[in-house]
Amino acid sequence: MSSPLTLHEDRYFDSDPEQRDIARKLYQKVKNLPLICPHGHVDLKILLENKPFPDPAELLVIPDHYLYRMLYSQGIPIESLGVPRIDGEATETDRRKIWQIVGENFYLFRGTPTGMWLKQELKDVLGVKVRLTGETAMEVYDQIVANLAKPDNLPRAMFDRFNIEVLSTADWPADDLSVHKKIRESGWKARVIPSFRPDNVIDFKFPRWKQNIDRLSEASGIDCGSYSGFIRALEKRREFFKSRGCVATDHGVLTAFTAKAQDADKLYQKAQNGQATNEDNYRFTGHMLMEMARMSLEDGMTMQIHAGALRDHNPLIYRKFGKDKGCDIPIAVDLVHDLKPLLNEYGNDPRLTVILFTMDESNYSREAAPLAGHYPALKLGPAWWFHDSREGMLRFRRMTTETAGIYNTVGFNDDTRAFPSIPSRHDLARRVDSRYLAELVAEHVIEMDEAEEMIGDLAYHLPKKNYHL
Amino acid sequence: MSSPLTLHEDRYFDSDPEQRDIARKLYQKVKNLPLICPHGHVDLKILLENKPFPDPAELLVIPDHYLYRMLYSQGIPIESLGVPRIDGEATETDRRKIWQIVGENFYLFRGTPTGMWLKQELKDVLGVKVRLTGETAMEVYDQIVANLAKPDNLPRAMFDRFNIEVLSTADWPADDLSVHKKIRESGWKARVIPSFRPDNVIDFKFPRWKQNIDRLSEASGIDCGSYSGFIRALEKRREFFKSRGCVATDHGVLTAFTAKAQDADKLYQKAQNGQATNEDNYRFTGHMLMEMARMSLEDGMTMQIHAGALRDHNPLIYRKFGKDKGCDIPIAVDLVHDLKPLLNEYGNDPRLTVILFTMDESNYSREAAPLAGHYPALKLGPAWWFHDSREGMLRFRRMTTETAGIYNTVGFNDDTRAFPSIPSRHDLARRVDSRYLAELVAEHVIEMDEAEEMIGDLAYHLPKKNYHL
Amino acid sequence: MSSPLTLHEDRYFDSDPEQRDIARKLYQKVKNLPLICPHGHVDLKILLENKPFPDPAELLVIPDHYLYRMLYSQGIPIESLGVPRIDGEATETDRRKIWQIVGENFYLFRGTPTGMWLKQELKDVLGVKVRLTGETAMEVYDQIVANLAKPDNLPRAMFDRFNIEVLSTADWPADDLSVHKKIRESGWKARVIPSFRPDNVIDFKFPRWKQNIDRLSEASGIDCGSYSGFIRALEKRREFFKSRGCVATDHGVLTAFTAKAQDADKLYQKAQNGQATNEDNYRFTGHMLMEMARMSLEDGMTMQIHAGALRDHNPLIYRKFGKDKGCDIPIAVDLVHDLKPLLNEYGNDPRLTVILFTMDESNYSREAAPLAGHYPALKLGPAWWFHDSREGMLRFRRMTTETAGIYNTVGFNDDTRAFPSIPSRHDLARRVDSRYLAELVAEHVIEMDEAEEMIGDLAYHLPKKNYHL
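Residue numbers (this note's numbering), protein chains in the order written: chain U, 1 to 469; chain P, 1 to 469; chain L, 1 to 469.
If you are wondering where the hints come from, they were derived from the structure by calculation, not from laboratory data.
Given that identical chains are not distinguished, each listed pair holds provided it fits within a single copy or across any two copies.
Only pairs whose alpha carbons sit at most 30 angstroms apart, straight line, appear in this in silico DSS-like list of lysine-lysine:
(1) K25 - K123
(2) K236 - K182
(3) K320 - K260
(4) K465 - K325
(5) K260 - K325
(6) K465 - K97
(7) K181 - K323
(8) K25 - K129
(9) K205 - K260
(10) K129 - K51
Note that this is a predicted model, so its numbers are computed, not measured.
Required output: the full structure, derived from the provided sequences and hints.
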């Protein structure tokens with residue numbers, strides 16, 4: 001017996017009737033506002049080719065490490081979920097078998113954001129009518145396949161239906177942004193923009209660093225054999241990205257360490273000669289964040305720092321499947337000392353916008369909010385990754401608002417490679433922010449008219465403002 | 001004037017009527033389920049001898065460091081509470097005087113788990129009818145003494161009444177488990193099993209380490225003069241423990257550091273020669289956790305790691321009263337780097353179960369849940385020690401469920417040496433979990449039927465499964 | 001159109017009707033109790049001279065770094081708010097312009113404690129009738145100016161109206177406390193007492209350390225050229241302070257490090273010779289905390305340790321405006337190791353009271369509460385600085401009460417230099433504590449009569465007791 005798949009209209013609101021009533025009203029104000037997606041990872045080819053999505057496994061399972069990391073944690077081999085191995089070993093190709101496993105284990109996601117997003121995707125985006133279980137998996141599979149074949153489930157139709165005002169990708173500096181160009185040339189009017197992510201040339205230990213540098217030389221027409229060439233090439237590529245609509249850079253770093261290195265050119269040469277140590281790399285990365293802040297001040301691009309994810313904690317999975325396979329684990333970060341050089345040098349300039357993301361929640365109230373509540377250039381990105389969730393977003397608001405206010409935060413961004421999950425993610429954020437503000441109204445911290453303004457700011461205006469969109 | 005001692009049937013549920021109503025229903029599903037106690041510290045002699053408990057001071061005060069640490073913090077000498085001194089100095093012997101002090105200061109426990117457990121013990125287990133204060137202390141004393149004399153308050157009768165399905169103790173490797181044997185031979189049908197706790201031979205700095213090693217040699221019949229003998233002796237004792245029903249090992253460690261030491265035999269020899277440094281000990285402990293994981297993979301015993309308690313912070317109390325006297329203080333731990341070697345080597349094998357306990361709550365969402373939500377072998381133990389409490393358990397659920405789900409946690413265990421407190425502790429946990437799930441239902445995160453399944457899993461099925469009971 | 005400025009009588013209580021009703025009753029018990037202010041920073045000249053406060057900018061903006069740090073974070077120059085520059089450069093002098101900026105940006109404080117305090121000050125203390133916005137700023141300005149001219153808004157009249165039972169200041173050891181004396185001699189009966197804050201002579205790196213030492217020699221009549229003289233001078237000044245009503249010392253330290261330095265005299269000589277390193281200073285500060293504890297045990301003064309604020313994070317602001325300008329940022333602290341020497345040496349003596357303040361909230365439940373729930377001398381100060389707020393105080397109670405109870409905390413203190421904000425701050429604290437206890441009653445953790453006693457203890461009796469007032 002299958003149960004109907006339901007999404008309660010009051011979901012994620014506090015169950016106190018007074019708060020729920022206020023939350024509903026606030027949510028109504030913003031639920032239909034366009035989505036601002038200034039930090040995404042969607043594969044643009046989907047939108048370029050605009051072909052029907054093939055099946056639920058390829059759409060929802062294989063690209064989503066949030067999903068298969070949980071299944072893996074319960075002993076289900078990643079191979080059985082069809083995720084391709086980089087060493088060419090076979091993995092499951094029967095999409096129905098993959099989906100059956102997901103159905104049988106969907107109970108694992110109770111109370112998780114993946115569970116919440118997926119239910120909403122299944123119902124609202126994919127037209128599924130029954131709850132996903134082992135028993136209903138094939139019925140759901142068929143419903144999804146049937147729905148994916150319809151024209152209004154083509155990627156671009158979805159994009160329009162999702163009401164996405166702007167979608168950003170993350171691109172290496174040497175990228176020619178040809179997919180962006182082709183999309184624009186296709187006559188489709190959607191605003192899809194790149195963002196500048198130079199991790200692969202700034203971090204000496206990044207896979208294939210030297211090749212990445214060579215590609216940067218080629219793309220920029222500037223010889224990156226020297227440090228000064230490298231810097232000029234980056235400046236030139238930023239210019240190119242900016243001309244293609246780019247408004248922001250993004251930096252994924254292990255720690256938030258920043259500091260000018262007087263010997264940056266020597267560090268760079270050591271890396272060129274394959275002699276850079278971990279310490280050299282640490283210092284160079286810290287130096288390059290300073291340089292990136294300088295360039296952002298000059299060209300006006302918002303600078304995003306994502307600090308504190310230890311990548312590829314599990315070498316077995318890395319060896320078999322490569323990067324971004326659900327093995328990145330947050331670490332403690334020291335924002336107060338690590339960001340001091342950058343903030344001291346550039347943080348007093350209100351023309352600069354540096355958006356900080358951290359997964360070390362103990363830092364929200366201790367360091368992040370006090371810093372953002374003082375330095376004009378610093379803003380706080382939304383609750384990141386594992387904390388992009390009902391409880392996680394609430395903790396973020398509770399622990400940052402009192403010191404930094406909401407106006408030193410930048411609203412929501414979805415940070416996802418799972419295209420059809422975008423509306424669910426924004427909807428969850430809008431609901432949680434409505435709930436947070438409803439509590440402030442019901443407890444007479446703020447007035448209703450203030451909350452109405454604030455929910456619009458959080459859902460729409462703050463991201464537009466801080467990413468200069 | 002004494003007030004009646006009352007326990008409200010809705011205690012610890014959220015007061016929101018909708019949530020309270022759901023919590024009640026969930027709690028009803030599990031309140032009478034048998035208790036699974038896979039991690040306890042009860043002195044088995046109590047159950048072997050099955051003699052009446054003498055009086056409230058000996059039953060409730062002298063063995064309970066949760067209780068006298070709080071009294072001590074307010075300036076009450078531990079001596080005045082009858083806790084024996086290891087140097088033979090006298091302490092209070094008048095049990096009524098001891099109980100009078102507890103009565104006069106029971107207000108200190110308002111809002112604490114000790115207060116909650118004790119009220120329930122007094123009422124439900126010991127039949128006390130009035131609230132404990134300085135005025136009523138002697139009246140309560142008399143009520144308890146009268147009740148303890150009744151046959152259904154004999155230890156085994158209590159055990160049966162508590163509905164304990166299985167109770168584990170914690171035993172050193174050289175222990176002959178004779179008390180366990182005698183209990184079995186007595187014809188009493190209760191399931192009381194040992195667990196394997198090798199801290200006293202793995203940690204060179206443990207009191208009387210060399211004697212502990214000698215006893216291990218003796219018990220195993222293997223000469224532990226060499227490292228290889230030591231390892232074989234441990235394997236042999238694990239085998240013996242397993243034959244006596246043991247299902248789990250337990251490791252109390254200062255940090256969660258793990259790493260193979262190629263020179264483990266040399267470190268062991270240095271310890272044998274009394275020359276091991278703190279650094280040697282640190283490395284050897286980390287090495288032995290690796291070895292214990294290997295053995296657990298081989299013999300199927302669940303491995304428990306309790307990391308982050310700095311033992312005996314107060315040397316004055318240690319000198320006077322010895323270990324486990326309320327002077328252990330949690331420290332910050334780094335799970336992500338410290339557990340990496342162990343998880344990389346053994347954590348991908350779903351046949352292994354490693355249960356991690358931490359008191360560093362800043363790690364719940366940052367490190368513990370992300371690790372447990374990825375590695376098949378890793379599960380999270382319940383909120384531990386100071387956090388085995390109404391707020392502590394809620395924080396644990398709120399900060400781990402979104403990333404790891406509830407199925408990478410192992411339900412509740414009581415971790416107590418206070419035998420009559422066992423039902424109160426499980427009841428508190430069942431109430432708090434019911435409350436947590438009720439919130440998820442009332443806020444439409446999960447459906448009622450899902451919550452009904454989950455509360456049974458948390459209260460009963462998950463501990464059985466993860467301890468292979 | 002201006003909206004009326006309202007303060008809801010149920011503000012900051014939980015909106016659950018049952019909890020709100022209980023919170024109301026608890027709050028009624030304490031809302032009119034006298035204010036105990038044992039840790040303040042009010043400029044006593046205000047109370048000595050007892051002249052009318054000039055205008056809202058000078059009263060509310062220029063001295064309040066909580067306020068202008070937020071405005072600065074949004075790009076508003078501190079100069080434009082009239083805060084004086086130490087280099088003599090001009091800053092805004094038009095008080096109406098300053099107030100206009102505050103009005104236009106007051107929305108930034110939504111949800112912040114500064115917003116909550118200020119609304120209550122404007123309405124209850126200053127008689128403002130409309131909400132502060134850009135439109136109403138001048139109207140509000142005029143209302144405030146008119147009200148400040150009234151006799152019952154003179155500083156002493158306010159002091160009496162606020163129902164302040166005792167107000168402490170923070171004073172350097174060489175201070176002659178003449179302002180305190182003049183106030184006493186003026187015949188005004190208010191209890192205004194000094195507290196002993198020796199940071200400026202204990203910390204070698206404090207601005208003008210050598211001059212501070214010279215002044216200490218002069219004030220004490222003891223030559224501080226040697227370490228032993230320095231110690232005797234401090235003892236003598238403590239005696240003098242005590243004779244003037246002082247009941248507590250206060251120590252602002254970067255970390256909580258404590259340890260006796262056998263070579264303290266050498267460290268002191270190095271500092272005298274201008275040769276002390278940072279490490280020397282670190283060790284000397286740790287040593288002096290030990291000495292201060294010893295002296296407190298001897299003279300009975302309560303010892304306050306405020307650990308974990310990194311001062312002057314922003315050198316630009318420090319250069320322009322000096323210390324205490326909103327650029328201090330909390331850091332992570334290690335209480336368990338750092339306080340061990342002090343607690344081991346003095347912490348077992350219940351005659352000593354050491355009150356610990358930390359802004360590292362991850363330490364509340366992990367280290368602070370377990371330590372305070374064991375050592376007789378250690379008590380926890382209220383949620384400090386950035387956490388002196390609605391959410392911050394709730395987190396403090398939730399994370400400390402279960403382990404330390406409320407009786408190892410010391411109630412509220414306002415820690416403010418903003419004189420007219422004192423009642424708002426105490427009122428917020430009383431409301432939040434009422435709310436916390438109401439939850440415990442509604443969830444049947446404690447009984448109503450217990451909560452009624454506890455709210456009185458938190459609001460009034462605990463600070464009196466722990467500061468020996």
